[in-house]
Amino acid sequence: MTLTSEVFIQATETAPAIQARAVVRTGQQQLLAALRPKVALLTELELGADAREAALAALTDFCTGSVRRHLNATDQALYAPAADSPETRLLIRALRTTATALDQDIEALARTDNAHRAKTIAQSIEAHLATHLAVEQAVLLPALLALPGIEPAALAADFTTLLDGGRLDRPAVLDVGRVVTDG
Numbered sequence: 520m521t522l523t524s525e526v527f528i529q530a531t532e533t534a535p536a537i538q539a540r541a542v543v544r545t546g547q548q549q550l551l552a553a554l555r556p557k558v559a560l561l562t563e564l565e566l567g568a569d570a571r572e573a574a575l576a577a578l579t580d581f582c583t584g585s586v587r588r589h590l591n592a593t594d595q596a597l598y599a600p601a602a603d604s605p606e607t608r609l610l611i612r613a614l615r616t617t618a619t620a621l622d623q624d625i626e627a628l629a630r631t632d633n634a635h636r637a638k639t640i641a642q643s644i645e646a647h648l649a650t651h652l653a654v655e656q657a658v659l660l661p662a663l664l665a666l667p668g669i670e671p672a673a674l675a676a677d678f679t680t681l682l683d684g685g686r687l688d689r690p691a692v693l694d695v696g697r698v699v700t701d702g
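This note's numbering applies: residue 520 is where the sequence shown begins, and numbers increase by one.
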């Protein structure tokens with residue numbers, strides 16, 4: 520007999536896949552909500568030199584911290600489980616390519632001392648990140664959650680753990696490729 524707690528109607532809020540998508544969406548929304556005012560402060564206001572430097576420092580700290588942590592959490596919790604599946608392999612490759620481009624923009628932002636260049640990079644980071652997260656939400660998550668063997672609750676928990684600065688417990692990998700025997 521099936522326990523009631525194990526029965527989910529697929530399109531309801533109690534379905535594990537819906538809950539996992541909500542967890543990821545919330546993380547994405549929080550990231551963008553925190554990023555946008557920092558970008559706007561640097562790009563939309565005519566700030567004095569000291570205020571502009573402070574705005575650039577705050578944006579750079581946020582990007583090198585929170586944005587990179589989010590990209591890492593997404594890679595480990597969402598991309599890794601889908602990377603070897605034929606259905607999602609190319610999508611993961613494309614998302615990792617855009618994540619690398621975002622990371623390069625973050626590095627360029629951290630290194631620039633040119634105010635105009637900083638504005639351009641900040642706008643690029645915001646636009647590319649918003650697009651990147653939209654693709655994750657609209658394309659990756661439905662494909663990932665449809666893969667056999669994927670546990671939505673575990674994905675959401677791993678994602679949250681990594682966003683909060685935690686680490687995932689990974690089993691030790693044994694290399695059994697070169698086992699020497701006496702025979």
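It is possible that some hints are incorrect.
What the hints assert, rightly or not - Here are the simulated EDC-like cross-link-like pairs (lysine to aspartate or glutamate), alpha carbons at most 16 Å apart as the crow flies: (1) Lys638 with Glu563; (2) Lys638 with Glu572; (3) Lys638 with Asp624; (4) Lys638 with Glu626.
What the hints assert, rightly or not - Derived DEER-like restraints, expressed as beta-carbon distance ranges: (5) Val658 with Ala534: 13 to 23 Å; (6) Ala634 with Pro605: 26 to 36 Å; (7) Gln623 with Ala534: 35 to 45 Å; (8) Leu687 with Glu565: 36 to 46 Å; (9) Arg615 with Gln642: 49 to 59 Å; (10) Val658 with Glu572: 35 to 45 Å; (11) Leu566 with Val658: 32 to 42 Å; (12) Arg636 with Pro667: 42 to 52 Å.
Read the hints as simulated data drawn from the structure, not as lab findings. We treat Cβ as the ideally placed atom computed from N, Cα and C, and that holds for glycine.
Item checked: Index of numbered hints that the structure contradicts, given in increasing order -> Those not satisfied are hints 6, 9.
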